[in-house]
Amino acid sequence: MEVFGDLAGGFATALHPINMAMLFVAVVLGLVIGVLPGLGGTSGVAILLPITVFIAHGSLPGSDATTAIIFLAGIYWGALFGGVITSILFNIPGEPWAVVLLFDGFPLAKRLGKPGLALASSFVSSFLGALVSTILFTFFALPIALKALEFGPAELFAVFVLSFATLIGLGAEAPMKSVAMLALGLLLAAVGFDTVTGEQRLNFGQISLLSGISFVPVTIGLFGIGEILASAEEQGIGFVENISARLGLQDVFAAVGELRKRLRLVLSNAVIGFFFGVLPGHGATAASFLGYGLARQYSKNKENFGKGEISGIMGPQAAADSAGVASLVPMITLGIPGSPTSAVIMAGLFIWGLQPGPVLFIQHPDFVWGLIASIYLGHLLTFILCLLAVPLLAMIMRVPYAIITPFIVVISIIGSYSLNNSMLDVFITVIFGLIGYWLRKMKYPLAPLVVALVLGDSMERELRKALIAGHGSPLYFFNSGLSTVLLVLAIVLVLIPLVRTIRARRRGAAPPAAVAHP
Amino acid sequence: MEVRVMASPVIRTAATLMAALVTLSACATANAPSATSTGSATAAAAVQPTHPVEFVISTAPGGGSDIYARAMATIIENKKFSPQPVTPLNKEGGSGAVAFQYVFEKTGDMHYVMITLNSFFTTIITQKLSFKATDFTPVANLALDPFYLWVNEDSPWKTAQDFIDAAKKDSLTVAGTGTKQEDEALFRRIEDLMQTKPFTYVPQTSGATVAAALAGHQGQVVATVNNPSEGLQLYQSKKLRPLCAFTPASPTTAIYASLPTCKSQGIAIDDYFIMRAIMAPPGLSQAQQAFWVDVFKKVYDSDEWKKFMSDNALDPAFKSGLEFRQFILQYQQLHQNIATKFKWVS
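These protein sequence lines are chains A and B, in that order. Residue 322 in our numbering is what sits at position 322 of the first sequence, and the numbering runs on without skipping anything. Residue 294 in our numbering is what sits at position 294 of the second sequence, and the numbering runs on without skipping anything.
Don't read these hints as lab results, they were simulated from the structure. Backbone N, C-alpha and C fix where the C-beta goes; we use that ideal spot for every residue, glycine too. Misleading hints may appear alongside valid ones.
[Claimed, not checked] Some chain A residues well away from chain B (every beta-carbon gap over 12 Å; in silico): (1) Ile51; (2) Thr52; (3) Leu142; (4) Glu150; (5) Leu209; (6) Leu265; (7) Tyr376; (8) Phe407; (9) Ala504.
[What the hints assert, rightly or not] Covered stretches of chain B (in silico footprint by chain A; criterion: 3 or more residues with CB under 8 Å from a CB of chain A, positions within the stretch not fixed): (10) 58–64; (11) 133–143; (12) 196–208; (13) 218–228.
[Claimed, not checked] Per the computed footprint, the stretches of chain B lying under chain A, defined by three or more beta-carbons under 8 Å from a beta-carbon of chain A, are: (14) 70–84; (15) 97–105; (16) 177–187; (17) 306–313.
Model the full structure from these sequences, guided by the hints.
Structural data, given as structure tokens:
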């Protein structure tokens, strides 16, 4: 097949010493950017964009535009892996797509005392997800990108509704509490600017609130600060002792074993993540939440979710990394970026004097196939680096909580400040720290709040675009087969708890715990 | 210029108020040293930057303005046109309102420049911000990004006239970037001029998603007014095709060379472009303004920028000084008229 020849040529390009050296530098930089909360992959890539001009114009011996894109994309791969580290160890998301790792990653690390296993699980599923995605990229880039164009507002809205429904219908907490948290999240997401009418909304006349309430400072507060307040109350006892004393690569082997038990979940999430990544504008973050919802839906022990369930790490992580890779597909093939980070990489292409699109494959095959080969190599490199670091990272959790607590608070505050260099984000973090503490005490689930805040804007936009296109008729959503199926599925998921209650009542038995939470 | 201490909902800080008052005096005496809300009096009075400069971008990373601004910043950096680094900074939100407010508050400080497009007029008018486009210190316009009328490759319409005929029969669904922004402004002008049925306008998030919506028949979208660079990739993959260009003459770029003007096909609009212009905070001295005009003139004259403009099918159009001021006034009036006519402002 022609593809194999092209790919071999790509590997020859990517394995060129200068390209490998820059790839290595990039993934290390990406890991650091990923670990630092507030400094995200998108801004990291944007900051380093000017340097790539020198690279692309041959300022380094043997470098060209291919080196430049391998470098930029490498930062993204590093950040995709690295973002989860602080989520798991400190309950502070390093990257937007690592927010979902707070739900189960941190509980596994802290409450169950297995930070090494949590990290290794995340890395192996990231790697497998990326691998699946890169293989799909290699063989089906163009046809899939063209198919994704047909995904209109009705279909996208249905996907969002479905991911919300997975969180209500199958939540371990009382469903009404999940609904309340979803509503609060949507309300927060509505703050700022109404993109459809072009008017300011719920910002109380504050220009600084026009860009909306970013979910990163909110989650840093809810999880990072909120958890510290809760732990301080428990005096941080009983967890340092629990941390496993092993400091070897055993965790990695254990994680591989866990992966084998969940192979179907991880592979299917990787494929779904790929398709989600190809859709313009959504990318890894939305895919990670969808992946979490699906992992929970398919799991036999749903009650373990939120308490350190490994599927709750592997599912979203496979989807997120897969979507990250896939977001380059429409960018390269059609000039439509699939995620904010790939939008910045596309800006790089323009600045180096290249035009993305189908012509790129014909005019610059070295560039395209060099990039594709570097995705395989970049992920392999990142994976090895991360696994080697697992024992060291896990050791951090053995530092006494009294020492680590102030450190986490400082990192949280700096992280939210550095997001936009604005004190407003710091206030948001502190306020949501208090809210998070209170919600924890009241046993409200935090996950639906965060999901609604993250996806609320996009969901609202798709809903309203669909309604404009359908001249206001809600029946528009049932014009397409795909959106009909997804919406019906979502409705069924929401009704599950209700049906359960009714059935339990008929039998005269006590309602199940899922509904009758005291 | 007047300082309007208005009953605006915006809670203004004391510092801003002071800065605005100083602007008044600065404008009165042209080169009076002005204190700023951030820098010292000496820094502001200098005729060239004394510390790193923020190049404010009103859109998210990866958007049209962002790409242009980063290309300019890269040229300034590589060619050492500025004694201090010029660092791009995204201040997206509120269709540009966040960036405009941010730069407005830096009154008299030359360490801020901003790339603007037509939202510089539309957003300020429709969101009733507390300042006007003319309050800022104009630096220069570097390029004009033309609009083309696009349809899907499988569309039955071959000419702009076909499109207009269809639009007179039914209300067509069209897409563009943002609400009450340049794309909608152009569609409303067409509607008004050609007496078509009102277009159903679906706002998208970026030029790329507008092109994608048309290519994928998303939500029954049948036409857009994408820029040539935004439609290029999907034109090459034979998913979209342009019907005509809203320009005085046919394009010169090879791939679009045979494209007729819209005017020649009956839609007499040839004066509407997206400006790619640089603005600075209000109240810069003439010398400070001249410094930035000089920097961006050098960018404009560089081979890198010329290649960038031709790659992206931008029309080169350097405007500064009086010519640029007149352009700003003309565009402000044009957008004000549209906003009034289509009741964008209540």
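Status of each hint after checking the structure:
The beta carbon of A/Ile51 is not kept farther than 12 Å from every beta carbon of chain B, the shortest such distance being approximately 10 Å. For A/Thr52, the non-interface assignment is contradicted: its Cβ lies about 9 Å from the closest Cβ of chain B, within the 12 Å cut-off. A cut-off of 12 Å between C-beta atoms contradicts the statement that A/Leu142 is not in contact with chain B; the least separation is 8 Å. A beta-carbon of chain B is positioned within 12 Å of the beta-carbon of A/Glu150; the least distance is around 5 Å.
With a least beta-carbon separation of about 9 Å from chain B, A/Leu209 fails to lie farther than 12 Å from that chain, contradicting its non-interface assignment. The Cβ of A/Leu265 lies farther than 12 Å from every Cβ of chain B, with a closest approach of about 30 Å, so its non-interface assignment holds. For A/Tyr376, the non-interface assignment is confirmed: its Cβ lies about 25 Å from the closest Cβ of chain B, beyond the 12 Å cut-off. Against chain B, the non-interface label of A/Phe407 holds: every CB pair exceeds 12 Å, the least being about 29 Å.
Separation of A/Ala504 from chain B is adequate, the least Cβ-Cβ distance of about 43 Å exceeding the 12 Å criterion. With 4 residues carrying a beta carbon less than 8 Å from a beta carbon of chain A, the segment 58–64 of chain B meets the three-residue requirement, and the given coverage holds. Residue count for the segment 133–143 of chain B with a Cβ under 8 Å from a Cβ of chain A: 0. That is fewer than the three needed, and the coverage hint is violated. With a threshold of 8 Å between beta carbons, the proposed coverage of the segment 196–208 of chain B by chain A holds, since 8 of its residues qualify and at least three are required.
Note: the segment 218–228 of chain B has 4 residues with beta-carbon separation from chain A under 8 Å; the three-residue rule is met and the coverage holds. Residue count for the segment 70–84 of chain B with a Cβ under 8 Å from a Cβ of chain A: 6. That meets the three needed, and the coverage hint holds. Chain A is given as covering the segment 97–105 of chain B, and this holds because 3 residues of the stretch bring a CB closer than 8 Å to a CB of that chain, at least three being needed. Chain A is given as covering the segment 177–187 of chain B, and this holds because 4 residues of the stretch bring a CB closer than 8 Å to a CB of that chain, at least three being needed.
Restraint check on the segment 306–313 of chain B versus chain A: 4 residues with Cβ-Cβ distances below 8 Å, three needed, restraint holds.
Violated hints, listed in ascending order, are 1, 2, 3, 4, 5 and 11; each of the other numbered hints is respected by the structure.
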